[in-house]
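Engineer: Could you fit the two chains together into a complex? Lean on the hints.
Chains as they are written, first to last, in the numbering used here: chain F, 13 to 336; chain R, 187 to 501.
Keep in mind that the hints were calculated from the coordinates and are not lab data. None of these values were measured; they are calculated from a predicted model. Beta carbons are placed, not taken as given, at the ideal position from N, Cα and C, and that holds for glycine.
So these bits of chain R aren't anywhere near chain F, every CB distance computed over 10 Å:
no.: 1; residue: Leu215
no.: 2; residue: Glu260
no.: 3; residue: Ser319
no.: 4; residue: Gly431
Derived lysine to any residue pairs resembling SDA-like cross-links, with alpha carbons at most 20 Å apart:
no.: 5; chain 1: R; residue 1: Lys416; chain 2: F; residue 2: Asp71
no.: 6; chain 1: R; residue 1: Lys416; chain 2: F; residue 2: Thr113
no.: 7; chain 1: R; residue 1: Lys271; chain 2: R; residue 2: Arg239
no.: 8; chain 1: R; residue 1: Lys416; chain 2: F; residue 2: Tyr119
no.: 9; chain 1: R; residue 1: Lys416; chain 2: F; residue 2: Glu70
no.: 10; chain 1: F; residue 1: Lys214; chain 2: F; residue 2: Asp235
no.: 11; chain 1: R; residue 1: Lys249; chain 2: R; residue 2: Glu260
no.: 12; chain 1: R; residue 1: Lys416; chain 2: R; residue 2: Ala389
no.: 13; chain 1: R; residue 1: Lys416; chain 2: R; residue 2: Arg493
no.: 14; chain 1: R; residue 1: Lys416; chain 2: F; residue 2: Ser162
no.: 15; chain 1: R; residue 1: Lys416; chain 2: F; residue 2: Arg97
no.: 16; chain 1: R; residue 1: Lys416; chain 2: R; residue 2: Pro301
no.: 17; chain 1: R; residue 1: Lys416; chain 2: F; residue 2: Thr137
no.: 18; chain 1: R; residue 1: Lys416; chain 2: F; residue 2: Tyr163
no.: 19; chain 1: R; residue 1: Lys249; chain 2: R; residue 2: Thr265
no.: 20; chain 1: R; residue 1: Lys416; chain 2: F; residue 2: Val118
no.: 21; chain 1: R; residue 1: Lys271; chain 2: R; residue 2: Glu282
no.: 22; chain 1: R; residue 1: Lys416; chain 2: F; residue 2: His132
no.: 23; chain 1: R; residue 1: Lys249; chain 2: R; residue 2: Gly261
no.: 24; chain 1: R; residue 1: Lys416; chain 2: F; residue 2: Leu68
no.: 25; chain 1: F; residue 1: Lys214; chain 2: F; residue 2: Glu149
no.: 26; chain 1: R; residue 1: Lys416; chain 2: R; residue 2: Leu305
no.: 27; chain 1: F; residue 1: Lys214; chain 2: F; residue 2: Asn45
no.: 28; chain 1: R; residue 1: Lys416; chain 2: F; residue 2: His161
no.: 29; chain 1: R; residue 1: Lys249; chain 2: R; residue 2: Val209
no.: 30; chain 1: F; residue 1: Lys203; chain 2: F; residue 2: Ser269
no.: 31; chain 1: R; residue 1: Lys416; chain 2: F; residue 2: Ala94
no.: 32; chain 1: R; residue 1: Lys271; chain 2: R; residue 2: Glu260
no.: 33; chain 1: F; residue 1: Lys214; chain 2: F; residue 2: Gln202
no.: 34; chain 1: R; residue 1: Lys249; chain 2: R; residue 2: Arg239
no.: 35; chain 1: R; residue 1: Lys416; chain 2: F; residue 2: Pro117
no.: 36; chain 1: R; residue 1: Lys416; chain 2: R; residue 2: Pro496
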Amino acid sequence: MALLEVRDLGLAIAAGGRLLPVVRGISFAVEENETLGIVGESGCGKSLTALAIMGLLEDTAIRITGGSIRFEGRELLTMAPAERRALMGNRMAIVFQEPMTSLNPVYRVGDQIVEVLRQHRDLSTSEARERTLRLLEMVQVPEPEQRVHSYPHQLSGGQRQRVMIAMAIACDPRLLIADEPTTALDVTVQKEILELLQDLQKRMGSAIVLISHDLGVIAETCDRVAVMYRGTIVEEATAGELFANVAHPYTRGLLASIPPADRDVEWLEAIPGRVPAVDQEIPGCAFHPRCPFVRDLCRTARPEGRDFAPGHSIRCHFPREWRT
Amino acid sequence: MLGYALDRLLTLVPTLLAASLLVFLFVRLIPGDPAAILLGDAATPEQVAALTRELGLDQPLWKQYFLWLGNILEGDFGTSIFFGKPVLAVIADSAETSILLAVTTMGWIVLIGVPIGILAAVRQGSWIDQATSGLAMLMASVPTFWLGLYFILVFAVGLGWFPSSGFPSITGEGGLLNLRYLVLPSLTLAAPNAALIIRLVRASMLDVSREDHVRTARAKGLHPLRVAIKHIFRNALIAVAGAFGFTFAALVSEAVVTETVFSLPGVGRLVVQSILRRDYPVIQGVILIVVVFYMFVNLLVDLAYARLDPRVSLK
Ligand SMILES: Nc1ncnc2c1ncn2[C@@H]1O[C@H](COP(=O)(O)OP(=O)(O)OP(=O)(O)O)[C@@H](O)[C@H]1O
Ligand code: SF4
Ligand SMILES: [Mg+2]
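Only chain R is shown next, with the shape it has when bound in the complex (with noise of 0.2 Å):
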């Protein structure tokens, strides 16, 4: 298994390379001159124009490229535009928040998706499964920022259980406490795709329970609860799993809007202040390690299929 982890890894090198030149003439694309933006109205042209030398923008493309992809690979990601930091130290800053953010979120999405959906097929065209496929429906319908702005309304203006907004550090003052901040944003992203697993796992579930060696499991006498979960859910799994793993790598771009709804200092959020300033150096760092974290995870989910399902094997 490490070896076939190490092999995958190896092919990403092409894949991150085109990436890279993807991400990196995306970047240019963005209208509009990021020393101009920097230095504000009142600029004269000889002060962008030296701002612009200065940043090495005035280089030929191609060149720009290389000495970019050259220092990445020396593990410099280079210099933030707007906040003078290096742009590693910039994304750390908001890395927690979207880390912790991320996990939480997953927490609740298989809190809630899995046991619900077990019940809904256990309980098949029962009210118990009508009532949690309307329940599925409307977490899956209703935008993210109309939520997050009902949650804020609910539970932090109305009742004061969570705070609305901001996430101070877990390291900082107040240390695990303060993940009740990330109470309300997490369960407003986990809702819609809580709801495509409750969805996913019913179905999955109900394929599996038609299979032969269900009627074998049951054959032997177990419980049915038994049969549910030690027979049927485990084969349901294996469907299950990508799902879990493609719904991780997607809180990134979901998060987005539910970090500016609860203005956390996301890396959501980070990129899209990053693209008003015109920070190219931020948001080819951050598009770039966004990318590596996609093809991890989609490494893990093949992995995981593996440890669900003794027919693959990974070759």
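So here's chain F without its partners, still in its complex pose (with noise of 0.2 Å):
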């Protein structure tokens, strides 16, 4: 049994009475101790599928429209809401994009860490201080005796970021999703941090699920790879599989545009155009606007997933074109 399992899961914007697709249908497991990467442009609905799994979508226009997510072999989408708080910022935590913003500016950081431990372990107040310590000694916080008693506008953005990871890591989640932890911080922190996640996996043993929209990153951290595009997993394969034998177009274009280190791309040259906007529906293949390789079949017909290579899924009409 996978520690997590995600089945057809489907979610929509709810916006004027219509619902729109944003994840169409994905599937995924991630066994124990695993890294699985999530890889996609821009808005193809990486985090949307992040916050479904950690249940944060409540109060949101956004709608789950079906599928499953099994996490230790129980359903999640129809847990009683007490069940799954118990679970959420214990056996499975996030971090986020956006860690200039993620914490609360008006506690303690120490506090905010402390404030965890004490909702899901059975921790005095001075229990909880000593145990945030030592996580902020494990993220790399320097002089966290001091930084305890900071607030996040002290911080710099990395620092936010490390105690974003010691407060996820906290209460020993089994699963730790970490949605571009990278994203908004200096190239140099970012390698720090990519580090910091594989270090801390190795000393915990939990899963991580890593979301990025850069292959380069992926590549260096993960076991397994799924590459997103508008809402559909176009290719999944282990790392190794995946960057011997690229099969489909779009994490070809991918990989073709890792970029270079100092940039931070929002859209991909190598791919020509964009991601076409939500509300827009594309009939058969939903790249193949894109796609250099499109052929009548693929304006038409919607791709199946099938398997390329064993343990290599892809939804493509003609993978590899780019061979003959």
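Structural biologist: Structure below.
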């Protein structure tokens, strides 16, 4: 049994009485101890998928239109709210894309970590404080004794993200979702944070879902990779297989456009055009308006998922066309 | 923080000087001669002239101003033309009523405005939200004098729960029980202000609830009520604190109508009557004290901001 199993998950934006699909039936699994990378351009639904797993779509315009999310064998989508809250921040935790704004500005960072510890662990305040100090050491925040008393605005972006990571790992989660944890940070800091995550995973033995729009980042850190395009997983394989044997034209485009390390690339030059707007219906393969290998079939028939090689699945009528 | 407060108080000096001059001139603009009004219709011009001289009102304006200002610096606000008593004593007589009225009113505003505002925000879009927004609309739009009369009719005359007029001092017979005289007036005065706070609390909470850190709080698995109070409301309070301050300051002027409806011996009524009597020293004294009070509340609001929001530094 996988730690996390997402089956046919569908998400839609409720807008003006209509439901615009953004995540169109995606399935993937995460094993204990594994790092799964989810990669795709901006707006393809990576964050929404993460929020759906964490149970953070309530009070938003996003609706879950179908599918199932099983965690440790239990279905999350029908779970009672109180039961689900007992998992959140505890068995599963998340680090967000926006370190600058994800901490509460009016509380000291130490107290914000203490809060999650006290929520899920039967600790006295002083025990929780003690553990908070050790967590800050683990995430390599310098001078933790002083930093616990800092307010978020007194910390740099990198330090805030470290605090967020400390908060996320506070209760030893089995699953840690890291949603573009370094996108908002300086390049040097990016590297450090990624190394920190890998290091922590080794020490804690938890599974990680690492979301990124940068295949370069994914290549360095992940065991397995799922490539997302417009709410669909178009290719999935172990990292080794994927990079040795790229089969989907979109993944190939992403690879060709791994950005130089000093630039945050919003759109990718190697793939012409941009991700179409959410409300735009595209018949056939969703990638066909931008695909260099498009043929007639692609414009009318939506490709089904199939195995390209053992453990390597793909959604494309004409994979690896560039060989011929 | 203390140093900052002292700095701020020093910067008040020029403002106060300007205010004192404005107050002084404004009062002289009220048509009518205090001596003539005090003596009544039967007075002869000679009597009026004699009293005018006695009151110092025959002196040039600038002389009167500096005399007044000089005395104030020595703590002497002059003598009431009408009561013949020191102005400060006259004001002190009505200050008890006004201060107690303002404090109980603020109590109601917080007690009514904050929980209902939180409830409306937490249950956004539900019937509770709609009912409270209707209630707030009603509270804000009913005229104070009408609400006051209505309260008197129902709770004083009809049900006999509360007295309808006057306010015996809490230091006299009856002691603190006399506060029941202030229940209806303070509720009357609180209604429109509480409505404002309801809406402000709701709106600021909805603003804050869209911020990223609230998502973090939810991701910790906290109970929604804890998220609402500890994370959302606590941040919304930064915006609401200012409104509390300004509401409190504005009560002074809003109280005039309420004090009239409930025949309360408060400062508001003192000002109105003093204007009718052309009791210059009292009007000047009250307005000057109110200006100081406003400035003080302003300072308190700024100090509160600094306490509530660690990002604000007092400089
Ligand atoms: N609360 C919301 N209301 C309406 N639309 C939303 C909301 N959140 C996201 N969307 C839309 O849903 C789509 C998918 O968003 P999502 O945040 O999952 O993208 P992403 O893959 O994480 O992109 P990025 O790399 O920019 O973070 C986007 O088009 C976005 O505009
Ligand atoms: S199905 Fe056709 S259009 Fe879509 S990615 Fe494959 S080749 Fe390109
Ligand atoms: Mg995202």
